[in-house]
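Residue numbers (my numbering), protein chains in the order written: chain A, 113 to 416; chain B, -8 to 197.
Honestly, the hints are just simulated from the structure, not real lab data. Check before you lean on any hint, since a few could be wrong.
Covered stretches of chain B (chain A as the covering partner; in silico rule of three or more C-beta atoms under 8 Å from a C-beta of chain A) [as the list claims (entries may be wrong)]:
hint	stretch
1	17 to 30
2	55 to 62
3	110 to 116
4	185 to 196
Note that beta-carbon positions come from the ideal geometry of N, C-alpha and C, so glycine has one too.
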Amino acid sequence: MSTTLPTTTQSAETGTARVKRGMAEQLKGGVIMDVVTPDQAKIAEDAGAVAVMALERVPADIRKDGGVARMSDPDMIEGIIEAVSIPVMAKSRIGHFVEAQVLQSLGVDYIDESEVLTPADEVNHSDKWAFTTPFVCGATNLGEALRRIAEGAAMIRSKGEAGTGNVVEAVRHLRQIKNEIARLRGFDNNELYAAAKELRAPYEIVKEVAALGKLPVVLFSAGGVATPADAALMRQLGAEGVFVGSGIFKSGDPARRAAAIVKATTFYDDPKIIADASRNLGEAMVGINIDTLPESEHYAKRGW
Amino acid sequence: MSPLSSPVTGATPVIGVLALQGDVREHLAALAATDAVARTVRRPEELAEVGGLVIPGGESTTMSKLAALFGMLEPLRARVRAGMPVYGTCAGMIMLAEKILDPRSGQETVGGIDMIVRRNAFGRQNESFEAAVEVAGVEGGPVEGVFIRAPWVESVGAEVQVLAEYGGHVVAVRQGNALATSFHPELTGDHRLHRYFTDLVREAGT
């Protein structure tokens, strides 16, 4: 059979925009879970996570411990890569392109240039086009999302307020992004130039979003999701999937809660399934009310 | 033929996309461009209403778990056994394999193609790539192959037709009405493989 096959001679190209963005497309409808050990990574994979985020401390503990939060130990990241077959993501500090270089060399599947870690540069984000490994970045509004895409981000997540177990900021940011996209849809060509200026984003990307009615990359939600209903809420609001950070492994029964959030994310529009998924999950993580946080601890304000 | 239903008649096939997880929207758009009516399938009753099914790219472990959890595995197996045309890309290819070389514990497949697949065979994301691939039966030159943490076919049974190889590995196969590719035509503007599949569904008249 194979002797009659036409031969393919062209060589392969890695790290293209299509390969980077396409990777995120494969994660859609899924849940990406923060894990700090190989055992947690296995629990996440068994529960049906589409990927794990390997980090040293979940955001709730970063808040508790204070100090400077940095990229995780390579040994720990490699341990998690070894433990599971699903994609593994890891976080670099904003603007810390050397941490990103290290993560790429470790073979992680996605790099999160994350406001949860302490920013390394207060002016510049990393040039993400320079990497083969794709990046996901947080955004609180459309302009921020488009600036990150202009820098090479292949996936966007609403920032929310990580480590709080409070979904209110995730809702605010996702609604903001969706509303701004809807507004662009109504603009004619003349107005798009001014819109680009107002959004502080390149005109070409603004025009593309206006035409598509969506971001040119996958949009997930993050920061504060703690229950199956939270995850379904974010999907009904237009997120294509969710990141769950502290919400799983800071809860009473992580394996059960992880599986329940996966179910509710797939059947986000079926209240009966969400109800079943919400039963007997044990204690949710203890939440924090955002307005009790001091200004300096609002992670969503990091990055620009 | 199908014990469940045969609702599709006439020239416009109704094709489902298994929407438990993965790049569903891209497949819906590609199918619509081939003049099929495309819709999502998450439940057994939705499966009964389509004449063919695409299993999209995504995470095969997640998809397999959700399919088992929500009672989709047996209905899927029954329809595929009964000859419903089915097309799997990447994770979808894994779902159609009779055997996975290195399955996660409890990872079940739908089956339908007598082949053994190796997951993530081409490597991790940094090794993901694009390349032109000649596919037997697809006219007009090579298709744009987008391989993302892609599997390859390790070995096939006598009934399986190999449609494409890349780098010495089998990356597209067909057995009867079941079609599978390691790569993602849905991520490109090239809809020839989706048209090939739509024609297959039309001919099957399921």
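Going down the list of hints, with the structure as the test:
1. 17 to 30: It is violated: at least three residues are needed, and the stretch 17 to 30 of chain B offers just 1 whose Cβ sits closer than 8 Å to chain A.
2. 55 to 62: Per the Cβ count (4), the hint holds.
3. 110 to 116: n = 4 at 8 Å, threshold three: holds.
4. 185 to 196: violated (count 0)
When the structure is compared with the earlier hints, violations turn up for hints 1 and 4 and for no others.
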